[in-house]
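Construct the entire structure; sequences and hints are all you get.
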Amino acid sequence: MTMAFLNKPQPRLTFLCRKEDEGVIPAPVRAKAALPDWFRRLPAVDEAHVSSNNSGLTVKRCMPFLDAMATGWVIGLAASVRMEISDNGKTVDCGWDFDRTLVSNHASHQVAGNPREPLPPCKFHNYWTIRTPPGWSCLFVPPLNRPNGVFDVVAGVVDTDTYQSEIHFPFFATGEDGLHVLERGTPIVQVIPFRRDASDLDADIRTENPEEGTVRKTILRKTLASDGWYRRFARAQR
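Quick note on numbering: full-length UniProt numbering labels position 91 of the sequence shown as 91, and the sequence is numbered without any gaps.
Derived by calculation from the structure, the hints in this document are not laboratory data. Each hint should be verified, as a subset may be incorrect.
Okay, derived cross-link-like pairs now, SDA-like style, lysine to any residue, Cα gap no bigger than 25 Å in a straight line [what the hints assert, rightly or not]:
no.: 1; residue 1: K217; residue 2: L66
no.: 2; residue 1: K222; residue 2: N105
no.: 3; residue 1: K32; residue 2: P170
Following this line, the structure appears as structure tokens:
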């Protein structure tokens, strides 16, 4: 039983592009390989702030933050886009030199009353088809912890085990008025696959018992007592 389990093929995503797009549009990459430059430059400990009252730790030592950034895959723009935002964000005009549509618009009435009004809803065109094993879907979110200051993609879930075609990504332009150049490969969406039967767990909502309270307090104290304890603890549980 153990050997059979170990030899069982693991679920895999498949990203498919049209033959003529192979080597032309950037391939999806693992999210951990697409960490932003500011995060790569950030030291784990800022020595200038280390004192008896300050550990100097930065968010680079925050495993929940990093794990969110590193989960799943990232899809980038197929080609460079020139995005001009004007009229306090109410007007968005996009241009490109590529031979495919890269940005289009949704009608504002489709999202009437949304908190982004009066920003117009737009849409990035994606030329990768995503296929997942039966029972698996994909959550599409803005690249986590990577705000770009120009656009914000709207999150969505697609059953990519049955809907096996190109998926486009709605967004709002959030940048200041002016011309913004989005280079080919700019991360536009993070793809997080998940099993549907594990995503809607029932919940018990109650007060903790004494044993659960002890575990909670012990974990918190260990986290505070030793730099990097959570990182070692989390890795050991996987």
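Right, here's what the structure says about each hint:
With a C-alpha separation of about 24 Å, the suggested pair K217 and L66 falls inside the 25 Å cut-off, and the hint holds. With a CA separation close to 51 Å, the supplied pair K222 and N105 exceeds the 25 Å bound. In summary, the hint linking K32 to P170 is supported, as the alpha carbons are separated by about 24 Å, within the 25 Å threshold.
Hint check: a violation occurs at hint 2 only; the rest are consistent with the structure.
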